[in-house]
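These protein sequences, in sequence, are chains A and B. Counting along the first sequence from 1, when you hit position 129 you're at 129 in the working numbering, and nothing is skipped either side. Add 199 to the 1-based position in the second sequence for the working numbering, that's all there is to it.
Keep in mind the hints are simulated off the structure, nothing from the lab. Incorrect hints may have been included.
To be verified - Quick list of in silico lysine to any residue cross-link-like pairs, SDA-like style, CA-CA up to 20 Å:
hint, chain 1, residue 1, chain 2, residue 2
1, B, K262, A, D83
2, A, K85, B, T269
3, A, K96, B, C267
4, B, K271, A, D83
5, A, K85, B, T229
6, A, K93, B, T269
7, A, K85, B, S210
8, A, K25, B, F261
9, A, K82, B, G263
10, A, K85, B, F228
11, A, K25, B, D247
12, A, K25, B, K259
13, A, K25, A, I36
14, A, K85, B, K259
15, A, K85, B, A252
16, A, K93, B, K271
17, A, K81, B, A237
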Amino acid sequence: MEQNNELSARQSLDLITETLNRSRKEITRVNGKYFILWGILMTVFSLVICYFWKISGKAQWNILWFAMPLVGYPFVYHMSKKDEKLPSNLVTKIIKGIWTLYGIFACSMATVCMVIASTFTETSSMGVTPALVLLFGIAESISGIVLKNWFIIIGGWIIGIGGVIIYYLSDVNAEQMLIFAFAGIILALTGVIVKRQNI
Amino acid sequence: MFPKLDPILHSELRLAVMSVLSDVESADFTYLKTQTEATSGNLSVQIDKLSAAGYITVEKGFKGRMPCTTCKITEKGLEAFRQYVEALRTYLK
């Protein structure tokens, strides 16, 4: 009887653990595709901006970044319609919160810097790349902590710190967009890991 | 002396449903069915029992034209689930 009780208790705990893990895996895995989408968009946009900036010599091509959400959100809307039946949990809420905040911070900072640069004549341009890259790296690393994945944590650190170092050490103009292209590739890879990993 | 296990939760399917619901905001019937690999009839009966005990709330509505049953764990249900897990742990000590 005592043995039966112990077996029953263990079976019940195993059932709880298995069910929870299966559900978590399913919910988290589906979110991988959004990382892949934004990663691909980020890489494509940075390469396009880099190309036009390089051939024209004008940093104003950076305004194209504002078109990225306009292209991305219709895709997100279409993709999320298929996931309507999937519930959200704490992990997906935190991940969504992190990247929504990053998007808000990045857009606000870019807008403020554009306004300042166009208002004050003594400031022809304001480099927002280091701040945006650092923020991106932090967001990526926090995502890695939430998803319990060292590759994502270290990837975020490399993008954040590496991106800032490359920006300040090299005399780059349009080529600084390649930092974002690399960040986009890491973001897409994060999506692939999320889709495949067993949390 | 071992603590008594909650008879409402001490059933494989009801426990699986509560495990899923303890981790999510809410879940619809189809998702619960997929996760628990139960038949619609059996799942429906167990959901009703959990609802009658006040452990979950059940909301019936529509998503587009399709009927949709959404389940959500209550505070009472969450506390019962927590106590159930604690009780299980004492059995294994």
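We went through each hint and held it up to the structure:
no. : hint              : verdict
1   : B:K262 with A:D83 : 13 Å, holds
2   : A:K85 with B:T269 : 10 Å, holds
3   : A:K96 with B:C267 : 25 Å, violated
4   : B:K271 with A:D83 : 18 Å, holds
5   : A:K85 with B:T229 : 7 Å, holds
6   : A:K93 with B:T269 : 19 Å, holds
7   : A:K85 with B:S210 : 25 Å, violated
8   : A:K25 with B:F261 : 27 Å, violated
9   : A:K82 with B:G263 : 13 Å, holds
10  : A:K85 with B:F228 : 9 Å, holds
11  : A:K25 with B:D247 : 27 Å, violated
12  : A:K25 with B:K259 : 27 Å, violated
13  : A:K25 with A:I36  : 17 Å, holds
14  : A:K85 with B:K259 : 14 Å, holds
15  : A:K85 with B:A252 : 25 Å, violated
16  : A:K93 with B:K271 : 17 Å, holds
17  : A:K81 with B:A237 : 25 Å, violated
Violated hints, listed in ascending order, are 3, 7, 8, 11, 12, 15 and 17; each of the other numbered hints is respected by the structure.
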